[in-house]
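Whenever a hint applies, use it, and build me the whole structure from the sequences.
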Amino acid sequence: MSRKSLRIENLHVSVEGKSILRGVNLTINQGETHALMGPNGSGKSTLSYALMGHPNYEITDGSAFIDDVNLLDMEPDDRAKAGLFLAFQYPTSIPGVTMANFLRHAVTNVRMPDRKEGEDLISMRDFRKELKQKMDELGMDGEFARRYLNEGFSGGEKKRAEVLQLAMLQPAFAILDETDSGLDIDAVRVVSEGVNRVAKAQGTGVLVITHYQRILNYIQPQFVHILYGGKIVENGGPELVTTLELEGYDWIRAKYPNEAQIEDELESTVLTS
Amino acid sequence: MSTVVANTQTKATLAIQFGEFQNTASSEPIWLRDARKAAFEQFEFLPWPTSKDEEWRRTDIRAFKLSAFDLIQNQPAPTLDDLNAVGPLRDALAAHYATGIVQIAGQTTQPADSSKLGRVTLTDFQSALAIHGDLIKKHLFQTVKPEGDALAALHASIFRGGIVLYVPKGVKLEFPLYALSALTGNHRVDTSHTLIILEDDSEATLVHDLATTGESKPGLHLGAVEIVVGKNAHLKYVRIQNWDDKTWHFSRERAVVDAGGSIQWTIGGLGSRLSKVNQETALTGPKASAQVNGVMFTTGNQHLAYFTRQDHQAPNTTSDLLYKGGLSGKSRTVWKGMIAVEKDAQKTDAYQKNDSLVLSSHARADSIPGLEIEANDVRCTHGATAGQVDPEMVFYFQARGIPAETAKRLVVEGFFANVYDRISVEPVRESLRAAVAQKLAIGKS
Ligand SMILES: Nc1ncnc2c1ncn2[C@@H]1O[C@H](COP(=O)(O)OP(=O)(O)OP(=O)(O)O)[C@@H](O)[C@H]1O
Ligand SMILES: [Mg+2]
Chain A
1 MSRKSLRIEN
11 LHVSVEGKSI
21 LRGVNLTINQ
31 GETHALMGPN
41 GSGKSTLSYA
51 LMGHPNYEIT
61 DGSAFIDDVN
71 LLDMEPDDRA
81 KAGLFLAFQY
91 PTSIPGVTMA
101 NFLRHAVTNV
111 RMPDRKEGED
121 LISMRDFRKE
131 LKQKMDELGM
141 DGEFARRYLN
151 EGFSGGEKKR
161 AEVLQLAMLQ
171 PAFAILDETD
181 SGLDIDAVRV
191 VSEGVNRVAK
201 AQGTGVLVIT
211 HYQRILNYIQ
221 PQFVHILYGG
231 KIVENGGPEL
241 VTTLELEGYD
251 WIRAKYPNEA
261 QIEDELESTV
271 LTS
Chain B
274 MSTVVANTQT
284 KATLAIQFGE
294 FQNTASSEPI
304 WLRDARKAAF
314 EQFEFLPWPT
324 SKDEEWRRTD
334 IRAFKLSAFD
344 LIQNQPAPTL
354 DDLNAVGPLR
364 DALAAHYATG
374 IVQIAGQTTQ
384 PADSSKLGRV
394 TLTDFQSALA
404 IHGDLIKKHL
414 FQTVKPEGDA
424 LAALHASIFR
434 GGIVLYVPKG
444 VKLEFPLYAL
454 SALTGNHRVD
464 TSHTLIILED
474 DSEATLVHDL
484 ATTGESKPGL
494 HLGAVEIVVG
504 KNAHLKYVRI
514 QNWDDKTWHF
524 SRERAVVDAG
534 GSIQWTIGGL
544 GSRLSKVNQE
554 TALTGPKASA
564 QVNGVMFTTG
574 NQHLAYFTRQ
584 DHQAPNTTSD
594 LLYKGGLSGK
604 SRTVWKGMIA
614 VEKDAQKTDA
624 YQKNDSLVLS
634 SHARADSIPG
644 LEIEANDVRC
654 THGATAGQVD
664 PEMVFYFQAR
674 GIPAETAKRL
684 VVEGFFANVY
694 DRISVEPVRE
704 SLRAAVAQKL
714 AIGKS
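For the protein sequence lines, the chains are A and B, in the order given.
Going by this note's numbering, the first sequence opens with residue 1, and the numbers climb by one from there.
Going by this note's numbering, the second sequence opens with residue 274, and the numbers climb by one from there.
Some hints could be false.
With beta-carbon atoms standing in for the labels, derived distance ranges [what the hints assert, rightly or not]:
| # | chain 1 | residue 1 | chain 2 | residue 2 | range |
| --- | --- | --- | --- | --- | --- |
| 1 | A | Gly118 | B | Arg652 | 22 to 28 Å |
| 2 | B | Lys603 | A | Arg189 | 50 to 56 Å |
| 3 | A | Ser154 | B | Asp639 | 38 to 44 Å |
| 4 | B | Ala659 | A | Pro55 | 19 to 25 Å |
Partner residues aside, some chain A positions facing chain B, computed with beta carbon under 8 Å [as the list claims (entries may be wrong)]:
| # | residue |
| --- | --- |
| 5 | Met52 |
| 6 | Glu75 |
| 7 | Lys81 |
| 8 | Thr92 |
So these bits of chain B aren't anywhere near chain A, every CB distance computed over 12 Å [stated by the list, open to error]:
| # | residue |
| --- | --- |
| 9 | Arg306 |
| 10 | Leu353 |
| 11 | Gly421 |
| 12 | Thr557 |
| 13 | Pro664 |
| 14 | Glu665 |
| 15 | Ala677 |
| 16 | Glu686 |
| 17 | Asn691 |
| 18 | Val692 |
Bear in mind the hints are in silico, worked out from the structure with no lab data behind them.
Even glycine gets a Cβ: it sits at the ideal position worked out from N, Cα and C.
Shown next as structure tokens:
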């Protein structure tokens, strides 16, 4: 199996007329693990949403490809079928739709991209078996399969459910948007192991968005990037994480005064809005 | 003007046909022939509904022509083709229920297995008349009155066939039963009458499918449902209207529930070109209770109108109505609900709610709740909401590979879940869920 690449070039994204990303460049190959860090409001989730195709995020310039497939031309469901997965920072609740039913539809669509609507779903038997196994691996009670998706889930349970979906969908590329936040110490380990299992089996290229070192002790990145003022300003290795843990973002601020100004402007609009 | 003339002509033609009908049905007992005659006189007297009538203001039936349907013909017996066409519908039910009855256009094609029924009767109208003549005489047209409007009167005068469920005093049926009322390519008119009688201290559950199979041609259901629930008796009745979208559906339905009795009555509104349904529950004895559920999903140009009443006529009665509708295309639903509490019905606890989810900007849902309260110590609440599918939910589905259209339909199915959750009898819940899922076209489970 040849390794695919997710290539993001000069990506500019606006939200409600406000320019957030101003030329993001990032390439992730399958089999690689990357970490993306940056202060609150720097645009990390914006990047995730824009790649996944959320309608509120307007791409004003740039491109995003998986090999020669142009993601930005596609509906979000086709992006998922093309192999992109996003574990949401704030997963939406879906009243009345059980996690099992949701996932059976999701898995059917992603594994049989040419299937027509209304045709059979994947076999219930095989699906149940696979779901149970993956839930066991993630330490999830089987009862969650029958619960309405994310309805009344605790913060940590939601994050686990996102990783369960990742494990079921086995994507070529996975973005984990602060999957560690809200997880207790043991859960970070369990969830990280889950991600690593998929990554190893599928050669998934992983982008971990986080504020903390902890998850990166389990999902070890070869590449670390810092998003600041709408751009990736620093690219490095794991040592960058240590520097941030020790020193915070002040040195970034000092080193990139133009981006710092943009970052401040964004912050003030956040405060006044 | 011209419609008046047309209807006058139709009425004249119908009068001749009614005479013939009475001749062909000459084996019916005198009391029934008299009742039919009285109902026909009512029909001739009552005005045809127009948009000036409150109940028909939003429901336009000018395109409905009585003359297009051979209302009171002596219908030919169903053929082998008809039976084959109905087979799959029947099998889907038969797989999950101990026994049931199948009818095509009001004529029984498969009777219920009486060995499974014990003292319970589930049969067609004619047979019930033969074995329980006095009982039928006592109850027929007492709950749904022919003088309600022209359509009710017409139904009472010319109805053919139907389903009777009779559960004698103290008998508790432990398994659910089914009834299937079908229209086929050859049989396009169903004027059947449904009569359900639960005597004191009895219990039963019935799922009733109304469905079209075969070629889609203009069809008509002109029916009525009368339900009598005795003291401390408990009925669960699910009625799934799943005609094709060329069928007109007119149905007057009313239940009376005596002291300590209860009804859980669920309506599925999926099919028909146009539906006009009156679903009424009267709580006539202390501590009687009713739970009324509705699930509607409309597509294309469908128009479904429901008029519900919760009549509280005795103290300490409770009623709880929850109607939920999903609308797509250019379809339209109308719900007008009324909670009526009589002076003596103190300590009434009544609730009504209608929620709609609109999938298309061309669809429209009208909700009109209403209260008429004459007692002073009651609790009555009502509410209605209409909204669109939350785009954040749709995006979440899409992010997992599920196309937007399927996502919306799954959200609608989820929206119905709290109705399904109320239905505790599993096969019944699954029958309803499956019928809705099929209409939603979200893939087989
Ligand atoms: N839907 C929206 N409407 C208005 N502003 C938005 C919207 N989404 C994002 N923004 C703004 O875009 C900027 C970037 O937000 P984003 O959520 O991408 O930051 P982040 O880097 O993920 O932050 P955090 O670390 O807190 O999760 C912020 O100023 C935010 O207020
Ligand atoms: Mg974020």
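Each hint, compared with the structure:
no.: 1; hint: A/Gly118 - B/Arg652: 22 to 28 Å; result: 45 Å, violated
no.: 2; hint: B/Lys603 - A/Arg189: 50 to 56 Å; result: 54 Å, holds
no.: 3; hint: A/Ser154 - B/Asp639: 38 to 44 Å; result: 40 Å, holds
no.: 4; hint: B/Ala659 - A/Pro55: 19 to 25 Å; result: 22 Å, holds
no.: 5; hint: Met52; result: 5 Å, holds
no.: 6; hint: Glu75; result: 6 Å, holds
no.: 7; hint: Lys81; result: 5 Å, holds
no.: 8; hint: Thr92; result: 4 Å, holds
no.: 9; hint: Arg306; result: 50 Å, holds
no.: 10; hint: Leu353; result: 30 Å, holds
no.: 11; hint: Gly421; result: 36 Å, holds
no.: 12; hint: Thr557; result: 35 Å, holds
no.: 13; hint: Pro664; result: 7 Å, violated
no.: 14; hint: Glu665; result: 5 Å, violated
no.: 15; hint: Ala677; result: 7 Å, violated
no.: 16; hint: Glu686; result: 7 Å, violated
no.: 17; hint: Asn691; result: 7 Å, violated
no.: 18; hint: Val692; result: 10 Å, violated
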